[in-house]
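There are 4 protein chains.
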Amino acid sequence: MIIVLRPDATKEQIEHIVKKVESLGLKTMVSQGVERTIIGVIGKEDILQVQPLEIYPGVEKVMPVLAPYKLVSREFKPTDTIIEVKGVSIGSEKIVVMAGPCSIERYDLLLETARKVKSAGASILRGGAFKPRTSPYSFQGLGEEGLKYLKDVAEKVGMVTVTEIMDPRDLPLVERYADIIQIGARNMQNFNLLKEVGLSRKPVLLKRGMMSTIKELLMSAEYILSNGNFNVILCERGIRTFEESTRFTLDVSAVPVIKQLSHLPVIVDPSHAAGKWGLVPPLAQAAVAAGCDGLIVEVHPNPEEALSDGIQQLLPERFSEMMESLRKIAQAVGRKI
Amino acid sequence: MIIVLRPDATKEQIEHIVKKVESLGLKTMVSQGVERTIIGVIGKEDILQVQPLEIYPGVEKVMPVLAPYKLVSREFKPTDTIIEVKGVSIGSEKIVVMAGPCSIERYDLLLETARKVKSAGASILRGGAFKPRTSPYSFQGLGEEGLKYLKDVAEKVGMVTVTEIMDPRDLPLVERYADIIQIGARNMQNFNLLKEVGLSRKPVLLKRGMMSTIKELLMSAEYILSNGNFNVILCERGIRTFEESTRFTLDVSAVPVIKQLSHLPVIVDPSHAAGKWGLVPPLAQAAVAAGCDGLIVEVHPNPEEALSDGIQQLLPERFSEMMESLRKIAQAVGRKI
Amino acid sequence: MIIVLRPDATKEQIEHIVKKVESLGLKTMVSQGVERTIIGVIGKEDILQVQPLEIYPGVEKVMPVLAPYKLVSREFKPTDTIIEVKGVSIGSEKIVVMAGPCSIERYDLLLETARKVKSAGASILRGGAFKPRTSPYSFQGLGEEGLKYLKDVAEKVGMVTVTEIMDPRDLPLVERYADIIQIGARNMQNFNLLKEVGLSRKPVLLKRGMMSTIKELLMSAEYILSNGNFNVILCERGIRTFEESTRFTLDVSAVPVIKQLSHLPVIVDPSHAAGKWGLVPPLAQAAVAAGCDGLIVEVHPNPEEALSDGIQQLLPERFSEMMESLRKIAQAVGRKI
Amino acid sequence: MIIVLRPDATKEQIEHIVKKVESLGLKTMVSQGVERTIIGVIGKEDILQVQPLEIYPGVEKVMPVLAPYKLVSREFKPTDTIIEVKGVSIGSEKIVVMAGPCSIERYDLLLETARKVKSAGASILRGGAFKPRTSPYSFQGLGEEGLKYLKDVAEKVGMVTVTEIMDPRDLPLVERYADIIQIGARNMQNFNLLKEVGLSRKPVLLKRGMMSTIKELLMSAEYILSNGNFNVILCERGIRTFEESTRFTLDVSAVPVIKQLSHLPVIVDPSHAAGKWGLVPPLAQAAVAAGCDGLIVEVHPNPEEALSDGIQQLLPERFSEMMESLRKIAQAVGRKI
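Residue numbers (our numbering), protein chains in the order written: chain A, 1 to 337; chain B, 1001 to 1337; chain C, 2001 to 2337; chain D, 3001 to 3337.
Just so you know, these hints were derived from the structure itself, not from any lab.
Don't be surprised by glycine CBs; every beta carbon is placed ideally from N, CA and C.
What you were told as hints is all true, and nothing was included just to trick you.
A short list of chain D residues far from chain A (calculated; beta carbon distances all over 12 Å):
id, residue
1, ASP3008
2, LYS3044
3, GLU3145
4, GLU3155
5, ASP3179
6, LEU3199
7, ARG3201
8, PRO3301
Some chain B residues judged to face chain D by a derived CB distance under 10 Å, without partners named:
id, residue
9, PRO1007
10, LYS1027
11, MET1063
12, PHE1242
Residues on chain C that point at chain D, a partial pick, calculated with CB under 7 Å:
id, residue
13, PRO2052
14, PRO2132
15, PRO2136
16, ARG2186
17, ASN2190
18, ASN2192
19, MET2210
20, MET2211
21, GLU2222
22, SER2226
23, GLY2310
24, ILE2311
Extracted from the complex, chain A is given alone in its bound form (with noise of 0.2 Å):
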């Protein structure tokens, strides 16, 4: 932590801030530049990143030297995680695909596009049971009804299923159906949803908010780590701008960024991003080629009735389609797909 004084600041005003700092067991050295006096900290910085620093008289700013994270950086551990789930592996060289409907409608829909995904080399298969709607009046899931259909036809075609959990309650619900467990964009800053699942065995699927940047993504992780549950998946989806012609914009960069801070692996949602169906194989190709783990993507065997997000699922022909253009991708970057 460094202490930027302000140009006027007093003698009084510099033992003051010493003084507690060092009352907190960590060191100081302060040292007078031409235009500031600055104080450095030594020792255990995230000692000071709770105390309010900056209103002490005589400070002009404080500057972290470290970042705020511990247990998912990779300074904590610097090889790669791969989950494991039932023979599936997730941030190995294989990139994995998880595909699927947005919401679990139908037994039998839900069966034929896990047949199609299955074929085209998907080896997970989503679906929402639970769907946090903008819109009170829009279709809200089926709840338990919907993870039985999602465990059965997994079972039935072979296949992994990740699940939406939105309220903490449910917990127990989804962990008996779900091999892994999704905290939506919406629900990256619910800490206390957070917490439960840092609980479960279950893998956690954490998606980062659309108002998010790379930094709280990594500290909501870190609060499921820290509760003891490290098998956890990191998922762009898009983030909010100001540019209208998509649903969000696919940060692109996201993927080498986290994959340089962290150790956990990184997939990519370009269904929510693009908003459009159009645009799900260009983005879901620029993201194999920026080194992502996997890809999450909407598929629906007939967009026009399903009951949510119809404008961005794919067809399961253009899902296969695009799963042979992503293949050759992950090759020219030395993964598979």
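We have chain A; now place chains B, C and D onto it with these hints.
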């Protein structure tokens, strides 16, 4: 709803869309322009809002004519909603001021703060017992103990209380102790929590998410109203932008915009927007001048020792001074404080 | 400047950096912390600001201690700058109001507008002769003819004038007719234009870019001051965010923030921020309450027929009403209007 | 154009609007819905785009049906535009790579860089002689001397050149030395400069402003085309968002979006988007996988000594490695490099 067709839309595609729309009980009106054909839809537009018409072959874009919210709209209820809580009116001529510490930390500190903000003119005591913190290593709040302090102090001093809820499981607890239930910015789209407080009989203070549009804020309020609770206070607290000199950017325009669109009272939180106590008075002044119905301000008698948000909490004396200037501005715009 | 080293930085890397820094005539101070070693640099920091120290092997990040601007800073000049133009003071106790049509369209319309805004209390007449329009097919301004109208009307009515320049080649022309030269938001980083007006002896009204930080605004002003022209008025006119209910988001916090950082006067343009005339009065009120030194407002006697920005121009009668309420708010914050 | 009326619009108001619209030579079609009456306008929509219909009494909102650009649209010209410059095709199957230093600094450095990037596969040499710098105290470029080096080196090595223009007065100079004229991001809405290069016969590389929507980029290109110069190359170079881990956020979706909307070639600048050389290769890979027609990359043989943007310039060896991986990705998406 207006459906704009692509220049190359075929007769069959147009008929397919018309048939679909009419099968939902709506009427259509096809109008051939010079460069585009459009289909106007007559009838209850909300039936169509869940239909992914954009993906129908031949469709270029779909433009809704109506806003997606109802109960919160001024069209539904033209007169201002005034919320009464134990003798305090929110949404009336008198601008209501909520003040108190960020977190409830100690009984004596809270009591001292309450006495001071009350004597300066605040009528509602704020204080967090459950704290949404970006870092799992930060102070998370005193929980029920904090709620007890809040209720006890408020009764002693003669104030109404507001406190944040983060978990639907805590509703009975929070209802027992607090007069107004706050939904924080990070939970604005925690839809299960919204539904839960929609079933409560306590008024709800709903904060705008830092990256949520005004329309989304109104849709989240619609969740609460549509579940039966019409006592919702909206709160602008700063949005996330590229500007870094403040913690968030106070969207002061939100005040008159929301007053046009909705009948619900609108208050402003200058403390979280600014992120620095020195900016709180000018922002509070701007909010009152723009027509807000209230303010929620963080005040702490010893910010250097605060366990959260020390940087943005006002000293009680500064709060008193600010109230003086707000009183004059309120008068200038035909209000009281 | 603080240079934070990577945890794996070698002794040779540290020496390489130290040598480089000292070769520039600066002193270094290496401080070994628990988790990071840092190098503090003592001396003129601006020498280093052009050095890409981040790419030196072993460097994790570089943190500047000082702001990059000088002449515009309050540290350089602690007292408020007051700009005098033909008897009008900008930056003093009296809040200055600039008003007039978006574009200069016809002599009689301009004269009518000038008379009305003057009688309502405006002292500076605005009007564009060169218009920056998003579309090449929109009205581009009357050019020199418009400038003549502006000068002539202002002299007739007894007002000072401000008008926008878009091209460095037009400076002699604009200087001949106008009292204050405006740099529009889209040209805030048109550095050649900034240098050119820096050589002028006319005051410059510099508008903040819609996506520029306050720091960048101050750096653009620094271009003008460092070329010799110290009479710069800064203008907040709304920034681009994700919110769509207003044309831009008025960053009202910019007013107190700039007043802290700089000695230059700060005015606000509520018309372009709002993009709708109905929101102009509350935003103007907020701006005055937040401490601005002036306003620039679009007024048109017949907005239905305006050749540009008709939606956001106030009728003269509404402008007069607004001035009444602004007068009261100015008084409430210890100013005049 | 669809005009949506307020629920309380009177018959007189509707007639007033209809009369106005028809006076412009357009036809109207009034349609009474359940909750709103709307007026459809039939005819040349651009006539109305300059009319402030939103302020007519009784109007709630106005929704344009058509995009505001024409010449740049794929509707106007369905086939891809291919630009030929001295034997190099831009917009064809082969992805074109522009590379070179940020600023032209010294003849020998430029020559060394040119030789290396050429042998790695770049066909166009980039280098700035006029530099838009945030700070007036930074290196501003060598001016004409730099242009001479650029032309001379390019001829020696056998490359085409691209360089930035900042001032309309410099056009004859830049035209004399360079093959492609670049408009930088900060000048994307410098409309006078756009008009000027619209009169040139040299191809123009138009960079998207960091604050500009894709629609605005297309409107700026429309300025150039409508002045007679159809050889425009569009460039995505990162937009400004709240994310701070990269200098800008590369909007990789812009590539497929622009390819849908326009016939003009689209290239990507990963260097300015990333702001750090380590992120340039993954972003370049993503851009190629998303379907771009070219890249512009900063390369410097000794970034530690670069006079601008040292942090984001690639070493020639790293550029060569990157070209290898891009070659494979280009092939995977059916292109060459």
